[in-house]
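Enquirer: Fit chains Z, W, R and P to the supplied structure of chain A, relying on the hints for placement.
Listed here are the chains, written in short residue letters.
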Amino acid sequence: MYANLVYKRRSVNPGPPSYTLWMEIKPFRKLLRRVYRPGTAPGTLPTPTGPPRPTRLRLTRFDAEALLEVDLLTPEGIDQCNEGRLTWLDVEGQDIATIEAVGRHIGVHPLALEDVVNLGQRPKVDDYDECLFIVLDRVRLDAEALSVETEQISIVLQDDLLVTFCESGNEIFEPVRVRLRSGKGRIRTSGTDYVAYALIDSVVDHYFPVLDTIDDQIAQLEDGIDESPSSADRVALHRIRRNLILLRRSVWPLREMVARLQHSESELIQESTTVFLRDVADHLALIADMIEAYREMVSGLMELHLSAISNRMNEVMKVLTIIATIFIPLSFIAGVYGMNFDTQASRFNMPELSWTWGYPAALGLMALVAVGLLAYFKKRRWI
Amino acid sequence: MYANLVYKRRSVNPGPPSYTLWMEIKPFRKLLRRVYRPGTAPGTLPTPTGPPRPTRLRLTRFDAEALLEVDLLTPEGIDQCNEGRLTWLDVEGQDIATIEAVGRHIGVHPLALEDVVNLGQRPKVDDYDECLFIVLDRVRLDAEALSVETEQISIVLQDDLLVTFCESGNEIFEPVRVRLRSGKGRIRTSGTDYVAYALIDSVVDHYFPVLDTIDDQIAQLEDGIDESPSSADRVALHRIRRNLILLRRSVWPLREMVARLQHSESELIQESTTVFLRDVADHLALIADMIEAYREMVSGLMELHLSAISNRMNEVMKVLTIIATIFIPLSFIAGVYGMNFDTQASRFNMPELSWTWGYPAALGLMALVAVGLLAYFKKRRWI
Amino acid sequence: MYANLVYKRRSVNPGPPSYTLWMEIKPFRKLLRRVYRPGTAPGTLPTPTGPPRPTRLRLTRFDAEALLEVDLLTPEGIDQCNEGRLTWLDVEGQDIATIEAVGRHIGVHPLALEDVVNLGQRPKVDDYDECLFIVLDRVRLDAEALSVETEQISIVLQDDLLVTFCESGNEIFEPVRVRLRSGKGRIRTSGTDYVAYALIDSVVDHYFPVLDTIDDQIAQLEDGIDESPSSADRVALHRIRRNLILLRRSVWPLREMVARLQHSESELIQESTTVFLRDVADHLALIADMIEAYREMVSGLMELHLSAISNRMNEVMKVLTIIATIFIPLSFIAGVYGMNFDTQASRFNMPELSWTWGYPAALGLMALVAVGLLAYFKKRRWI
Amino acid sequence: MYANLVYKRRSVNPGPPSYTLWMEIKPFRKLLRRVYRPGTAPGTLPTPTGPPRPTRLRLTRFDAEALLEVDLLTPEGIDQCNEGRLTWLDVEGQDIATIEAVGRHIGVHPLALEDVVNLGQRPKVDDYDECLFIVLDRVRLDAEALSVETEQISIVLQDDLLVTFCESGNEIFEPVRVRLRSGKGRIRTSGTDYVAYALIDSVVDHYFPVLDTIDDQIAQLEDGIDESPSSADRVALHRIRRNLILLRRSVWPLREMVARLQHSESELIQESTTVFLRDVADHLALIADMIEAYREMVSGLMELHLSAISNRMNEVMKVLTIIATIFIPLSFIAGVYGMNFDTQASRFNMPELSWTWGYPAALGLMALVAVGLLAYFKKRRWI
Amino acid sequence: MYANLVYKRRSVNPGPPSYTLWMEIKPFRKLLRRVYRPGTAPGTLPTPTGPPRPTRLRLTRFDAEALLEVDLLTPEGIDQCNEGRLTWLDVEGQDIATIEAVGRHIGVHPLALEDVVNLGQRPKVDDYDECLFIVLDRVRLDAEALSVETEQISIVLQDDLLVTFCESGNEIFEPVRVRLRSGKGRIRTSGTDYVAYALIDSVVDHYFPVLDTIDDQIAQLEDGIDESPSSADRVALHRIRRNLILLRRSVWPLREMVARLQHSESELIQESTTVFLRDVADHLALIADMIEAYREMVSGLMELHLSAISNRMNEVMKVLTIIATIFIPLSFIAGVYGMNFDTQASRFNMPELSWTWGYPAALGLMALVAVGLLAYFKKRRWI
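Residue numbers (our numbering), protein chains in the order written: chain A, 37 to 419; chain Z, 37 to 419; chain W, 37 to 419; chain R, 37 to 419; chain P, 37 to 419.
Please note: incorrect hints may appear among the correct ones.
Said to hold, decoys possible - Calculated pairs, EDC-like style, for lysine to aspartate or glutamate (alpha carbon to alpha carbon, straight line, at most 16 Å): (1) Z:Lys414 <-> A:Glu351; (2) Z:Lys354 <-> A:Glu351; (3) R:Lys160 <-> P:Asp318; (4) A:Lys160 <-> Z:Asp325; (5) W:Lys160 <-> R:Asp325; (6) R:Lys66 <-> R:Glu187; (7) A:Lys160 <-> Z:Asp315; (8) Z:Lys415 <-> A:Glu263; (9) P:Lys66 <-> A:Asp248; (10) W:Lys160 <-> R:Asp315; (11) R:Lys414 <-> R:Asp325; (12) W:Lys415 <-> Z:Glu263; (13) W:Lys66 <-> W:Asp178.
Just so you know, these hints were derived from the structure itself, not from any lab. All of these numbers come straight from a predicted model, not from anything done at the bench.
The following block holds chain A by itself, in its conformation from the complex (with noise of 0.2 Å):
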């Protein structure tokens, strides 16, 4: 397929590590992650099948004073810690019995529950009075920087408790975990809700660097895109209006769900983290520019592409033509004075053939022939 195309960071802009993309044979993945089975209860979660899969409670117990960080290995292990007021616990994992097991423990709506479980969710805020549920989309991109895979995250917050659940592992908490544990700023003093925007907006933050690298992308097509369009260029511009698709999917439904969060009146936001939640606003917005602006920038480019090799095809039909119709009239002539007609039988057969200046002749006029027709096509600027 589009092997070995070799995109290199561009030198104008100096960012931290140089990287390469491989546009390799890679079958495209799907858009939609969950297809709902109709007709179950809502609120009913899918029977765990198979081995149960490998899922990590870590719980965060802290206030301004303390900070107790253990692995625990059932969600009842949250009571038995007396340090720390607040309460942080993230199940990383999707192993259905631990999640079930966590949501009864701490008693979150049965509908909430299920979409935690059942991946693939719209970002959005619930609001179940005594809590508020919270999903969004954690994006990147995969390693040869090819497709925007997205990862689901489920935040419940409650009053002195934080539970988050992501589909695996999870990188993207960790400057959070160090800034709670340098104990630095207000993270630890100020409650769930400090914190739940502070995931909120490490997960946002994290969509710059795909932007960046998207950026990156268009800004590498658009220089060579008119001088040399090739099929790879088109499949790029392809993947990278694909990503796009994705990316708003996520972003759109994030950005109103922070401006709900911002003007919600659940009194487990506090008024003094409002602020801090327009700051989030204000990136998203950013975002939601650069995606429409990108957006507009593929389509400009699949147009300049479409354009350039309608013009390339031009060239080439100029040269064919030019070449052409200046020797297919030269090989007529030469044609008639290759026919075998007797000049013994008639004067009137091809006298040409026996005059003293008669093969010159026949040289001058297709050199005149010639002539006259470049004469023609630089009349006409083809040439």
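Expert: Chains Z, W, R and P in isolation, oriented as in the chain A frame:
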């Protein structure tokens, strides 16, 4: 026509049963299902013509303790059952006389009854104080997964009575029946509005398998479209686009309908049901997002297809150009030395023909021209 | 031009009468019906020119008990009838003097009267306290089902009086007359607003046959467009698109108008009529949905048509390439052995010509080249 | 360039005077009329440069009884007239000093005055408590009906005083003057807001002839575009599209402006004038509808044009293919029998040349090939 | 690449200095200016790296009577000046340590300070009770008028203090300084909000020269695009489209920002300043209108360009067709009479060769064929 194009389920996304799509010669169906006869009085039902069509009246009476399922012969049978507090009457089939009798018996507004009979309505909810009248569409792909087919479902929701009208015997209510029979969950204790929600939820969840198939078809097209663009791709894209238009026409008003139900001020919708309707609304938002994403994908693929065809032509063109433009001058040279000028008649007449190295020189000239042209094409990067 | 293109009703959708469409040489009509003469005082009617145009004043007086239908000579005749409580005056035709007389007699605001006379208004409802002034468009396909034609209908609704102005004798009010005469339903007992509703409903329902024909035309084009794209398809698509633009221009303001009527605070619209207006609004929503769906279909078909044409060219091209590129080298070989180098003059001059197996060898070389090229084309999948 | 393309008014729509459009070599004008010099203090008028430009101050004083029309030399002249209660001062021309004097005399806010002088404003209404400041555009097609030209008109509406500023002597106010002189209708009795309405109405109605011409041009293009697509069509479509962009840029803010005027809470707009402004709003809605419809038409025509060109090429291509592919094999056969293999040297060397029926057989073979290819093309429906 | 394409200012629109644009080999820059490092605590400034960058602190203190302009070394210098009631501190340059010191000294919210340092923010206004924080973009075309460049300007507005942060020494504030020095108008008497308005106004007015240049470029392309479509046109269109995307991304949030400022409930914006902000909003509306109009123009031109290229190819094609299809049959005839059938061997073998009028007849036949084909092409209007 476009016969025998096999669409195999892609192995990348392993799904329950492997299926095969055949694009056969099959005319497109009309989009508009119903033409109103202008000028009929509102609430007028069409006069039944032809033999009565088979219609089944499935009565279900239930409450927390009891459940009765019987088939009625006439709608009057409703009142003869004493078991159960809540009643669900499911009218399967389109016999106008029966529908009219049902409508008269339970007291449905004539305008609503007209909409039950005149299939092809737009999904909506009408509030007639004493009852809510809900119209929605179920969708299904036909056997070859080529066309989306819609069937109208009408729901009349009264205090203790729920009447549903389906075009035909409808398997999509089956899961709800199963849940009613099992008696688990809140379905038998929550009122008719919850049952109505369960039915709507089941109808909405049946959109997902349709989207899943479309997703498959798109992914399949995506993989091959640039390398080997075929006429069948184009028709398949058109079919998908058509299906998306049909789905969209059903989903948009459906979202509006569910939103209106969710924020309805009618006393027929209990507060506790609203949270479940929010869940349906989330699913519909996801469906709508997917449809938009697919529409963009299809547009992009169509563009890619057009571009790939152009590109194809370009390459064919190039080969023609190269072969033709190389041999045309060579043929001309051969033509010149095929002329019959009488070398005897004059020393200017083609003396080359009698040169010792004449023939090798001519062949050499030809080789030179050929190599020169090849070098020129190489330089212009056409080879 | 595009003469004699037969459009037959498709047998898939059996409809009342089979009809045939001929795409004949027929210039397109203008979109703009009316040019306002700038600077005339508001409410000024144009001076009647030419002989008076035939105008019919059809008076209907009715209540639950009685119904009187007479043709009036002058509008003053309204007051001379005593039968019936409610009055409907239908003015068919465009004689300005008569319309002015009617307007003066019943007391219509000059601006409204100006809009009655100046055809080509946008559908709207104006509330002049003492009366409601409604403008709407009826649509019709012309005889060959090629162009949508609109006709303006103006309605003045007062307390007990309803006056309608039509451009010409109008069969679309006939069903309402029939219902009035039959006296069934609520039409004779509900007030003039209900009659106005009935008229609007009849006008709206006349959009459906037009959509149905367009649906037929699209389905017919859809079937053949990819296989045999013709110039006539293109023009037919353009005509359909044009008709959809015209329909849309009528339907959008019509929806707005009906919505405004539905939520009007005017006392002239009774509460009980509102539910019927909701029914009209539903029909209009369906019509608007269909128009949008058709517009998308037409766009998609145009794209398909363009793509099919490109593809067509591609195939023609390929055949040319194959035949030309095979024979051009062969002809060159034949040309070489047609050169007249003097084999006598030198042993280097075309010794092949005298070889025993010369001719078969030459033919063999040709066959080899031909087979080689065919194999190359096969490999590149051009055959 | 595209000289001498005659656009004749179509006979289908008989209009007042027959006119003729010439598409001549004419550069396109810029879209942006005004470049703000950044950093100037608000309300600063540009320093007048060059000789004073001719500016006419036309004063009209009137009430129900009297009307006085004089030309003033200086704005102070306003106060010297005693006749009439209401005053309309029309400033025709762009002499900055005069405009400044007028502004100072009647007390206009510096920002408003700046907008009067800096032409190219966006239509708007500004409410400065003591006065309303209205900006609108008049449009006109230039002499050859090729480009839309806009001229700014500013209106200052005070209690008893109306001041209008036009770029040049303006015939579009003439009908209002005539109505003022005749004294018919309510124009002399209703206040300055009604006169302002009359002026706005006149400006708006001048959009219709422009639309009418564009409609004519579109209809004319529509008739010929598929049959004989020419370069001139393309340029004409571009000109029309350009004009529609210009019109749209004027009409959209104009609608907004009139709507704001209509719902203004300013005491300067009487209740009775509002109904007339609604009439203007209706006209603008119609204009906006038409512009959108034309834009779609032009898009559709451009697509049709592109498609027609493709199709054209297709047909040219087909003829080339057919002629070339028939004669290329024939020429090859002739070439073979033109080879000079020495029939004496070997019995394998072209024995056909000496056969009795050799020549007829060769001709027959050629005929066979030709007929075969024709049959093949016929079968593939290329002929 | 696309070197040395001269863009000369068009003489039709005479402007101040004639300038020349060179389209040189110049890679495209990225759209995204800033990548957020995910997970940093909010309000964290990046650690300054490298040597301190030159930053200038320009202090202006003023009131109606006095004006003092000094350059400060440290922000503490603000308090050492006694002259003037109002203070404007302009920080030019991006030294993080200095910015942090300024922020600390005047008390700016950490989130705001973070936005000052992290360039590439979206224009916005944030209300932190005690101060308003405004971000906006200034735009500029680079030296060759090829790319739009944006620079972030941040404004902190407190009661008597205005602090502005620019990326670099900024000439766009110069006119405001000049007005401050001159002391004319209300600028020294109206408060810091009016000065902020003056700065915003200056930034907004700097969009106009950029639009003007783009307008010039479009007009220039428009004139030549149909006649001589070149690859450079395409790239120029792409550059313009790109610039419009960039402008749009700045202007839309800017409009929102000014609207929010205009309707702000903050006490920092005086009532009297609102009317001036309305003026800025008008300018932005005009700018936004122009950008939309240009975008449509560019789309139209791209379509025109594509169409012109197609058309071009069409014409080249036609010439090829005509010359080739005329000479191919002629060459065939010549080929036939070049065959070497042995006229001696049989009387059927090419007896024409020995006819008296054989050669003239052959030439005549050729002429006949040529004339016939020309007539055919004439008839089909290909010549």
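Enquirer: Now look at each hint and say whether the structure bears it out.
Expert: Right, here's what the structure says about each hint:
1. Z:Lys414 <-> A:Glu351: 15 Å, holds
2. Z:Lys354 <-> A:Glu351: Satisfied, since the Cα-Cα distance of roughly 10 Å is no more than 16 Å.
3. R:Lys160 <-> P:Asp318: 9 Å, holds
4. A:Lys160 <-> Z:Asp325: 13 Å, holds
5. W:Lys160 <-> R:Asp325: 13 Å, holds
6. R:Lys66 <-> R:Glu187: 14 Å, holds
7. A:Lys160 <-> Z:Asp315: Holds, at roughly 11 Å.
8. Z:Lys415 <-> A:Glu263: Holds. Lys415 (chain Z) to Glu263 (chain A) sits at ~14 Å (cutoff 16 Å).
9. P:Lys66 <-> A:Asp248: Given pair Lys66 (chain P), Asp248 (chain A) holds - Cα atoms ~9 Å apart, limit 16 Å.
10. W:Lys160 <-> R:Asp315: 11 Å, holds
11. R:Lys414 <-> R:Asp325: 49 Å, violated
12. W:Lys415 <-> Z:Glu263: Judged against 16 Å, a Cα distance of about 14 Å means the pair holds.
13. W:Lys66 <-> W:Asp178: The hint holds at about 15 Å.
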